[in-house]
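Number of protein chains: 2
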Amino acid sequence: MRIAAIEAGGTKFVCGLGSAEGGSLETARIDTRDPDKTLAEATGFFRDAAARHGAIDALGIASFGPVDLDPASPAYGHITTTPKPGWQNVDLLGRLRSALGVPAAIDTDVNAAALAEARMGAGQGARTLAYVTVGTGIGVGVALDGAIRHAGGHAEAGHLSLRRHPDHPYAGGCPYHGDCLEGLANGPAIKAAWGASLDELPADHPAWAVQADYLGQLCAVLVLTVAPDRIVLGGGVMTQTRLFPAIRERTGHWLGGYVARYAGADARAALIVPPGCAEAPGLVGAYLIGAAGISR
Amino acid sequence: MRIAAIEAGGTKFVCGLGSAEGGSLETARIDTRDPDKTLAEATGFFRDAAARHGAIDALGIASFGPVDLDPASPAYGHITTTPKPGWQNVDLLGRLRSALGVPAAIDTDVNAAALAEARMGAGQGARTLAYVTVGTGIGVGVALDGAIRHAGGHAEAGHLSLRRHPDHPYAGGCPYHGDCLEGLANGPAIKAAWGASLDELPADHPAWAVQADYLGQLCAVLVLTVAPDRIVLGGGVMTQTRLFPAIRERTGHWLGGYVARYAGADARAALIVPPGCAEAPGLVGAYLIGAAGISR
Numbered sequence: 001m002r003i004a005a006i007e008a009g010g011t012k013f014v015c016g017l018g019s020a021e022g023g024s025l026e027t028a029r030i031d032t033r034d035p036d037k038t039l040a041e042a043t044g045f046f047r048d049a050a051a052r053h054g055a056i057d058a059l060g061i062a063s064f065g066p067v068d069l070d071p072a073s074p075a076y077g078h079i080t081t082t083p084k085p086g087w088q089n090v091d092l093l094g095r096l097r098s099a100l101g102v103p104a105a106i107d108t109d110v111n112a113a114a115l116a117e118a119r120m121g122a123g124q125g126a127r128t129l130a131y132v133t134v135g136t137g138i139g140v141g142v143a144l145d146g147a148i149r150h151a152g153g154h155a156e157a158g159h160l161s162l163r164r165h166p167d168h169p170y171a172g173g174c175p176y177h178g179d180c181l182e183g184l185a186n187g188p189a190i191k192a193a194w195g196a197s198l199d200e201l202p203a204d205h206p207a208w209a210v211q212a213d214y215l216g217q218l219c220a221v222l223v224l225t226v227a228p229d230r231i232v233l234g235g236g237v238m239t240q241t242r243l244f245p246a247i248r249e250r251t252g253h254w255l256g257g258y259v260a261r262y263a264g265a266d267a268r269a270a271l272i273v274p275p276g277c278a279e280a281p282g283l284v285g286a287y288l289i290g291a292a293g294i295s296r
Numbered sequence: 001m002r003i004a005a006i007e008a009g010g011t012k013f014v015c016g017l018g019s020a021e022g023g024s025l026e027t028a029r030i031d032t033r034d035p036d037k038t039l040a041e042a043t044g045f046f047r048d049a050a051a052r053h054g055a056i057d058a059l060g061i062a063s064f065g066p067v068d069l070d071p072a073s074p075a076y077g078h079i080t081t082t083p084k085p086g087w088q089n090v091d092l093l094g095r096l097r098s099a100l101g102v103p104a105a106i107d108t109d110v111n112a113a114a115l116a117e118a119r120m121g122a123g124q125g126a127r128t129l130a131y132v133t134v135g136t137g138i139g140v141g142v143a144l145d146g147a148i149r150h151a152g153g154h155a156e157a158g159h160l161s162l163r164r165h166p167d168h169p170y171a172g173g174c175p176y177h178g179d180c181l182e183g184l185a186n187g188p189a190i191k192a193a194w195g196a197s198l199d200e201l202p203a204d205h206p207a208w209a210v211q212a213d214y215l216g217q218l219c220a221v222l223v224l225t226v227a228p229d230r231i232v233l234g235g236g237v238m239t240q241t242r243l244f245p246a247i248r249e250r251t252g253h254w255l256g257g258y259v260a261r262y263a264g265a266d267a268r269a270a271l272i273v274p275p276g277c278a279e280a281p282g283l284v285g286a287y288l289i290g291a292a293g294i295s296r
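Chains as they are written, first to last, in full-length UniProt numbering: chain A, 1 to 296; chain B, 1 to 296.
Read the hints as simulated data drawn from the structure, not as lab findings. Careful, some of the hints might be misleading.
[What the hints assert, rightly or not] Coverage of chain A stretches by chain B, computed from C-beta distances (three or more under 8 Å per stretch; other residues unrestricted): (1) 103–109; (2) 126–140; (3) 213–225.
[Unchecked claim] Chain B is nowhere near these chain A residues, computed Cβ spacing over 10 Å in every case: (4) Ala40; (5) Ala51; (6) Asp199; (7) Gly257.
[Stated by the list, open to error] Straight-line Cα separation of at most 20 Å, SDA-like style, residue types lysine to any residue; simulated pairs: (8) A:Lys84 <-> B:Arg29; (9) B:Lys12 <-> B:Arg29; (10) B:Lys84 <-> A:Lys84; (11) B:Lys84 <-> B:Asp31; (12) A:Lys84 <-> B:Lys12; (13) A:Lys84 <-> B:Ala263.
Glycine included, each C-beta is placed from N, C-alpha and C at the ideal position.
Full structure from sequences and hints, please.
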């Protein structure tokens, strides 16, 4: 089966033709501009790739959000209240399905990545997996026993209002909340606060401790609400792997010894891990979603 | 079927003989003292009640927590790290099962209440129900499609570190976290902050706005993580029903219009509701748990 997969992000659309099991035959990276230009370029890539590799059987979309995932809603498959200019209320599923003329299914980028990590990545052995992306946006997807549960809404834990770190010199950049987690700790917020991205800052710069604290708070909130037994942290910011030990320590701090199973450092090291998929988990998840032909 | 049901709380044990469908034939309220005295009094009540009404078929326990609910754990059925003096590491399930000599099952008080509200109370039509108790403790249980999911851990959302309200003159009383939600907003914290419980304070006292803000933050966190379509708020503090409109308003404030389906006041009024069970939802849930003979 040849699946057209799209990981639709706020900065780029990653398109792939292939399958989760066999990997990508071909991929393209498209800058996210306005919907018309972006969707036309993605459609063009898939038509060209299909001419080289054979006809497309289905389309799977892993999208930035919020996405309306309620099949009973008139806005099903639409992006809804995103801060991304021009993308509010765009019928992403319908437009791409019409353009390619194949069965199509959509989920959030983080739900897709959670699905991929649970089935083919770092989630093996876990029953409740939370996938967190930290990049242009911050998002959380949850997989239960290797599947995404759809009951109307989906997690939007990037927009939690956590406690502000006292050493953080930035008011926050979320157009909805100001200093929610995404407003304080996404890629643009790091640059706005410190004038540089983490990889450009020395290891003893306070930016590292601030970032680790916010993400440790997030992990603690997830433990206290969703009760995951694996938290996979991915996205551009998390390629700075030195964040992991500090995030695990801050998770322990915010849990305060209360949740017995994560009171030890070893347990937190097994809980909070980097992605394990062979390709980007959002893209792998888009293949899985397309192949399942999920038409929720 | 005659079920022995216990809603085991930090202040009192409510014991009932009966069933979820038929209601309680007889109930007793036992003050929570040390484990030996409390469990002996509960066992005595059930023996006397069984002499009047007939033999007990099973026992269901809805307990304060944290409870170890992992059947593979040596501490299965034990209370673990509770702040309640004398109750750490008590084998609640094993001791009561031995004393009564019947099949027994246990879950958290809030999981039990979530189960009861989802099946027989205010959760009708909801797929993802969060039950919150606000009393001596603050706890959250989640029911998915009318069942409790057990995958090792359970929610402990009473111990979230939320943003402090600027008008709140109290450092917080949680022995683990100081000013987590439970430390700031449980029944004892209200008395410690204001010298009185809410029912003793006038409607324009700042305590009401502070309490509503914390519980509104909790509801917002739940929407952003668990994505419930019904949140039932119960427990002693929530008998002050004038909190409901204020909590719904503060939930909207903290969501900041981002989650489209709860941007309207009507949607939040349908989301955040009081309990609907005929008896205390924790006790009804204990009947359900006992009857199911769940031996996780």
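Right, here's what the structure says about each hint:
Restraint check on the stretch 103–109 of chain A versus chain B: 0 residues with Cβ-Cβ distances below 8 Å, three needed, restraint violated. Remark: the stretch 126–140 of chain A is confirmed as covered by chain B, as 3 of its residues place a Cβ nearer than 8 Å to a Cβ of that chain, reaching the required three. A count of 7 residues in the stretch 213–225 of chain A with a Cβ less than 8 Å from any Cβ of chain B is obtained; the coverage claim is therefore met, three being the minimum. Listed as outside the interface, Ala40 (chain A) is consistent with that label: its C-beta sits roughly 27 Å from the nearest C-beta of chain B, beyond the 10 Å cut-off.
No Cβ of chain B comes within 10 Å of the Cβ of Ala51 (chain A); the nearest lies about 39 Å off, and the non-interface call holds. The Cβ of Asp199 (chain A) sits about 29 Å from the closest Cβ of chain B, beyond the 10 Å cut-off, so the non-interface label holds. For Gly257 (chain A), the condition that its CB be more than 10 Å from all CB atoms of chain B is violated, with the nearest at approximately 6 Å. Using a Cα cut-off of 20 Å, the hinted pair Lys84 (chain A) and Arg29 (chain B) is violated, with the two alpha carbons roughly 56 Å apart.
Pair hint Lys12 (chain B) plus Arg29 (chain B) holds up; C-alpha atoms about 7 Å apart against a cutoff of 20 Å. Proposed proximity of Lys84 (chain B) and Lys84 (chain A) is contradicted: the alpha carbons are some 48 Å apart, above 20 Å. Taking the CA atoms of Lys84 (chain B) and Asp31 (chain B), the gap is about 13 Å. The hint holds against a cut of 20 Å. A distance of roughly 52 Å separates the Cα atoms of Lys84 (chain A) and Lys12 (chain B); the hinted pair therefore is violated under the 20 Å criterion.
For a cut-off of 20 Å, the pair hint linking Lys84 (chain A) to Ala263 (chain B) stands: about 18 Å separates their Cα positions.
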